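Participant: Sequence:
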Amino acid sequence: MDDLDRAILDQLRQDGRLTNQELAARVGLTPAPCLRRVRRLEADGVIAGYTALVNPEMVGRAFEVMIHADLVAKDLATVEAFEARVAAMDEVVELRRMFGVPDYMIRVQVADLDAYERWVTTQLMGDPALARVDSRITMKVLKKAV
3 MDDLDRAILD
13 QLRQDGRLTN
23 QELAARVGLT
33 PAPCLRRVRR
43 LEADGVIAGY
53 TALVNPEMVG
63 RAFEVMIHAD
73 LVAKDLATVE
83 AFEARVAAMD
93 EVVELRRMFG
103 VPDYMIRVQV
113 ADLDAYERWV
123 TTQLMGDPAL
133 ARVDSRITMK
143 VLKKAV
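Number 124 in the working numbering belongs to position 122 of the sequence shown; there are no gaps in the numbering.
Some clues are possibly wrong.
What the hints assert, rightly or not - Across the chosen pairs, the derived CB separations fall in these ranges:
| id | residue 1 | residue 2 | range |
| --- | --- | --- | --- |
| 1 | Glu-119 | Met-3 | 42 to 50 Å |
| 2 | Glu-119 | Ala-34 | 34 to 42 Å |
| 3 | Leu-115 | Pro-33 | 13 to 21 Å |
| 4 | Asp-17 | Lys-76 | 41 to 49 Å |
| 5 | Glu-119 | Gly-51 | 30 to 38 Å |
| 6 | Asp-116 | Asp-7 | 46 to 54 Å |
| 7 | Met-3 | Val-103 | 29 to 37 Å |
| 8 | Glu-82 | Glu-24 | 40 to 48 Å |
| 9 | Glu-82 | Asp-114 | 45 to 53 Å |
| 10 | Gln-23 | Val-103 | 23 to 31 Å |
| 11 | His-70 | Asp-116 | 15 to 23 Å |
These are calculated hints, taken from the structure and not from any lab test. Being a predicted model, the structure only gives us computed values, none of them experimental. Here a beta-carbon is modelled for each residue, glycine too, at the ideal position from N, C-alpha and C.
Please construct the entire structure, taking both the sequences and the accompanying hints into account.
Facilitator: Here's what the structure looks like:
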């Protein structure tokens with residue numbers, strides 16, 4: 003990967019809908035070699051896909067909470083069952099198994115505080131595998147990866 007590949011990736015991170023002609027002009031290439039580079043980056047798995055960024059407020063999911071969760075037991079069956087159950091929940095937009103404490107970081111998006119309280123008490127806290135749940139509510143997002 004060279005500086006042109008990095009420039010292509012940077013431009014596509016900012017706007018994944020750029021036409022090949024627009025992209026080529028922004029990185030200083032002609033369209034044919036630019037397209038070859040993009041196709042190679044896709045084939046090599048550097049570009050894993052293209053998605054749409056959805057405004058959470060416009061779809062009733064503006065309230066975001068980061069949850070730190072610890073399990074009672076760490077045996078394989080408990081871990082796999084917990085992960086499958088939580089990953090299947092629509093409100094969960096990110097689930098990470100961590101080294102150390104906490105065992106998991108769970109990012110949840112719901113409509114508002116009341117919806118979060120209902121979800122956490124009826125969906126998450128009833129799981130017998132959970133030892134502890136700690137909610138973190140964001141005051142202000144200062145930087146967000148795209």
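Participant: Look at each hint and say if it fits the structure.
Facilitator: Hint check results:
{"no.": "1", "hint": "Glu-119 <-> Met-3: 42 to 50 Å", "in the structure": "46 Å, holds"}
{"no.": "2", "hint": "Glu-119 <-> Ala-34: 34 to 42 Å", "in the structure": "56 Å, violated"}
{"no.": "3", "hint": "Leu-115 <-> Pro-33: 13 to 21 Å", "in the structure": "50 Å, violated"}
{"no.": "4", "hint": "Asp-17 <-> Lys-76: 41 to 49 Å", "in the structure": "43 Å, holds"}
{"no.": "5", "hint": "Glu-119 <-> Gly-51: 30 to 38 Å", "in the structure": "34 Å, holds"}
{"no.": "6", "hint": "Asp-116 <-> Asp-7: 46 to 54 Å", "in the structure": "47 Å, holds"}
{"no.": "7", "hint": "Met-3 <-> Val-103: 29 to 37 Å", "in the structure": "36 Å, holds"}
{"no.": "8", "hint": "Glu-82 <-> Glu-24: 40 to 48 Å", "in the structure": "45 Å, holds"}
{"no.": "9", "hint": "Glu-82 <-> Asp-114: 45 to 53 Å", "in the structure": "32 Å, violated"}
{"no.": "10", "hint": "Gln-23 <-> Val-103: 23 to 31 Å", "in the structure": "50 Å, violated"}
{"no.": "11", "hint": "His-70 <-> Asp-116: 15 to 23 Å", "in the structure": "22 Å, holds"}
The structure is inconsistent with the numbered hints 2, 3, 9 and 10, although it conforms to all the rest.
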